[in-house]
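Visitor: Here is how the chains run, residue by residue.
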Amino acid sequence: MAGMSPSERRLQKELMSLVKEPPPGVSVDPDIAERNLLHWIIDIRGAAGTLYEGERFQLQFKFSNKYPFDSPEVTFVGQNIPVHPHVYSNGHICLSILTDDWSPALSVQSVCLSIMSMLSSCKEKQRPPDNAFYVKTCNKNPKKTKWWYHDDSV
Amino acid sequence: MSSIINAIKSILHSMLQLFWFGKKTITNSLSIYIKTSGGSTISVDLDPTWDIKNVKEIVAPKLGLEPEEVKIIFAGKELGDNITISECDLGQKSILHAVKIKSRPKLPQPRHSLIDEDEEQGSKPLCETLRDTMFSNEDGSRNSANAEDDSSSTKVDKKVHFYVFCPTCKALKHGKLRVRCHFCKSGAFTVHSDPQNWNDVLIPKQITGLCENSPELCANLLDNLEPTFAEFYFKCSEHTSLGEQDQAVPLYLIRPNLSNVPCLACADVSDPVFVFPCPEGHVTCLDCFRQYCITKLNERQFWQHPELGYTLACPAGCVDSFIKEIHHFRLLTDNQYAQYQRFGTEEFVLRSGGVLCPQPGCGMGILVDDPDCMKITCINGCGYVFCRNCLQGYHIGECDSVEDGLKNSGSGGCYSVDPARVADARWDEASKVAIKVLTKPCPKCRTPTERDGGCMHMICTRAGCGFHWCWVCQTDWTRDCMGSHWFG
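These protein sequence lines map, in sequence, to chains L and W.
Going by my numbering, the first sequence opens with residue 5, and the numbers climb by one from there.
Going by my numbering, the second sequence opens with residue 44, and the numbers climb by one from there.
Looking at chain W on its own, in the form it has when it is part of the complex (with noise of 0.2 Å):
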């Protein structure tokens, strides 16, 4: 059956070459967008057999120019005329650039010209001749090139190895690499040297380069104070490229796990794994990495960072190993995100000195300028108006004042009813009642805490707060408090 449908297939195929009259044939286009210096972009379908001598042979006469008088530019590199179009990491709608050949400026490293073969590996793009080895940590000091046996010396050869989260797929992708202009955003940009290690990317300003765009333009707004810097991005490796605005967040703290380091929670071995950013570089396989978040997610546990955000350290209590990427927590489920964003968002509000609106089902973060104000409404919620103090309907005077908020309303009924039975019937008076009797504020942060058995010593579970507390005597834990009252 597979054999006529191969048959049938070939046979169209053959039909469909014959309408490629003097052009070579195409077996398995690649649709690709060629951008000019003079700004315009030309489309075509390039072969992934062709070498950068036939893009050239293309691409020269529609700018009116001979094939030797053009570079290609890709991902931080000219490409060799020599090069084939399937070893540069291009997917369908990607764009290479093409610059007309000036007059070679002076540059710090000597320019190999497109003559000299010999130089043909620097001339691939910057993806393919990076290693995995290179991005096994932060600054490359540890190199984790350990050759034990033949399966990790050919892990360790491989072609560099990036994740990143996709915002258009939704998920953990691998990445693609990809270089442009710091200043001026042009992708016709060639790097001086290759980046070396995660720092190198990540921190803007690390690797100089050429801007082929318009180098003079973006040298003299420069006012030649900086060199022209190299910026790197990312891009999702598993769909089509949508343009030059289609980036992906890279993961970094996730990596092919070179030499087989067992995770830290399951001891498998699983590829790629989690790093942590501690100086040890502990490590968990994806999995553990999630359980490990909806753990401490569950026991509100994420660490309320000035600077990073809502994130977490390093399982192992590692000092000074916080997340820095937030995005990496995008690994897990779109409703577990959902509650890492309220939660984080409800930290950061209190963290501020904000409240939260106490309604049920509303939960509306409230920042309050005067810090005296206790007459906190609800405005961009539920309207609800509360007093800042004991969360309860605003009122004047002293909080415990207002035992039974709830007896004023439902005035004027027009049902006759026995007064006991309405007084035993009242929902929100139980379940009022119930949080009153479990729970108790933390005298220090007032998250309501609920005690479910076990001794008197309350701990506020709060990160950032911590406070140590007694149940009974509502202050600070103190001797006494173990001696006479410990377990009630």
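Same shape as in the complex, but just chain L (with noise of 0.2 Å):
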């Protein structure tokens, strides 16, 4: 782990826990992350007894240099983007936490826990009321976007 910056450090020994314990429905492809220490694709599945139960989603998470003082950056990607009022069918995620309520002490794996809390605790499956607005005219990066957060309930 020599020569390594202090958030290549970090990254690595995140990665080799959650290649040792996932927490359930998350895994991690240690070959892409091994390659590209700042960018790591995981796979999360929908937990049993919730709306997305069976289904199975790509998280992209992009790190600065400034991890973990830096939030990371975090997309849903690939062919299934989650059906929620949370999440804009580009990908995009509002959660306070990737962006004004994070914290160094947050991790890969507390992200991972949270959204898939999020979506477990989904009633209804829709898109954000803004989907088409925002899809259409926002940056690509979500970090670029200031959210109002509202609505915790979902």
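If you are wondering where the hints come from, they were derived from the structure by calculation, not from laboratory data.
Quantities reported herein were computed from a predicted structural model and do not represent experimental measurements.
There's no promise every hint is true.
[Claimed, not checked] Okay, the calculated bits of chain L under chain W, using three or more residues with CB under 8 Å as the criterion:
#, stretch
1, 9-15
2, 69-78
3, 107-121
4, 141-150
[Said to hold, decoys possible] So, partial list: chain L residues that the calculated Cβ filter (under 10 Å) puts toward chain W:
#, residue
5, E18
6, D104
7, D134
8, F137
9, Y138
A virtual CB, placed ideally from N, CA and C, is assigned to each residue, including glycine.
Assemble the dimeric complex from its two separately framed chains, guided by the hints.
Guide: And the structure:
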């Protein structure tokens, strides 16, 4: 691990623990992450007994060299973007810990678990009300969007 | 080769020894000052292997006393006769205090006599008897002495470690704890009890003691209204003491990593570590602490606290976790610390209702007494006269009316040039235009803000402002903004 920056050392450790002891429904392809520690793809499965049971989603994590003092850029990617009131059809997620409420005490694993619980508590599959407008006009990087977080119940 | 050098050394050494007639042989001399109760200072060379009894034998004749009539005080304790010099945490030019033993006054705590050899443990200087575990947090409530394996239990037993910022070395150094009278500042002071935690050391008037310099004077002047208190201070242990004024600031949030806590950020276990003053005591390594400071500094996210100054809270966002001793930011490089000081000063000026001179390269902070005064002159700086509201050159009337402040300059030139060319080749005008296009002032605190892409929902990044505003409307961000022009 010599010669790595502090952010890479931290990511290496997070990757190892995620590969060794992944939380239920979460799995990471270590080969993709090993190739570039600053870019991960994580597979998550919809939990049993929820609207997303049996569905598979892919989360993309991008990290800057200021991680963990700077939050990761997290989006859904791939064919299946969950239909959820806080997830736009381009994969952007409206979740406060991804921007304003980010803390270096959080981790890739805690972000995955937050997103899983956000999906699990959903009662009705629908896109955010402003989905069409947002997707048409927003920046590629969701961190460039200042969200107004509301409605924490969903 | 080295054997030859050693041989020469030993010859030189034995030659030198010839000069020390009746005296004991000094192999590794320590140059020490001894302050007497009379106020005079004696300079002596001591051998670290000697004990305090030897010191008394040297010092007493110089005071016209018998060795039994003298007690030696150092770092809050009367030193026992059989303590050796090397056990006393003395450095070059350290100061011992020699006091004549009077008829012993009544004390809250029974004094152990010098003959009582069993009590030797209590007669070592304070810094030798304290343990790291006591200072693992502010009030000593959490004892991190978990002896899971051998390595950690041996660590726990270690003598206390203090870290200081030394103004002489200009760096983070190991520190030495010293004690003096809170009232008369004399080092001839013995404590009644040992400090048990950081609060005892950092908060004044926690530990009582006896001022041996002039106990009657200190007691009388205080009118017996309060006991004589100990005052704790720190010295750098890595350079020769420059006298009693040579002090260092304790960086008490930097602590030995007794329980091998991994860094919050990089997850490495290192030693020492930075422990944030939050209830959870979040830990980062010193490198990540620096990285955290630099990240926050560049985003101008330090907080101007009314009592503590320009500071930071725990990176995990814990409440009530501001770093109270801002000397911890001396861990930054000189350049970064200079930037920290500049931002801190600017923030203080802005918080106090002042303005910063807008002239490039000036930036002087100006505090204005009259809140209605709009004409500001940069008196101690560049002399620029400007409007407090729009920060352009001073003008009469509404701010927007001075679009072309530069046009009136440079009249009466003797070159004849093409007016069209002149209009294109205006450097100042070009950068002025660029600033106008790229930046807008925060509607609340007027900090010029650049929008480098993203949505129209702006949040002022200046710590303490955090105003939500709309880039298009230049007022509060509303639902309507989100509905009609979130992204332009």
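Visitor: Work down the list of hints and note, for each, if the structure agrees.
Guide: Results of checking the hints against the structure:
Here the stretch 9-15 of chain L counts 4 residues with a CB under 8 Å from a CB of chain W, which clears the bar of 3, and the coverage holds. Under a criterion of three residues with beta carbons nearer than 8 Å to beta carbons of chain W, the stated coverage of the stretch 69-78 of chain L is upheld, 4 such residues being counted. Using a Cβ-Cβ cut-off of 8 Å, 3 residues of the stretch 107-121 of chain L lie near chain W, which meets the minimum of three, so the contact claim holds. Check on the stretch 141-150 of chain L: 7 of its residues sit with their Cβ under 8 Å from a Cβ of chain W, so the three-residue criterion for coverage holds.
Using the Cβ-Cβ criterion of 10 Å, the hint placing L/E18 at the interface with chain W is satisfied: the shortest such distance is roughly 8 Å. Because the closest C-beta pair between L/D104 and chain W is about 8 Å apart, less than 10 Å, the hint holds. Interface hint at L/D134: satisfied, since its Cβ lies 7 Å from the closest Cβ of chain W, which is below the 10 Å cut-off. Proximity of L/F137 to chain W holds as hinted, the smallest CB-CB distance being about 7 Å (cut-off 10 Å).
For L/Y138, the interface hint holds, the least distance from its beta-carbon to any beta-carbon of chain W being 7 Å, beneath 10 Å.
In summary, this structure violates none of the numbered hints.
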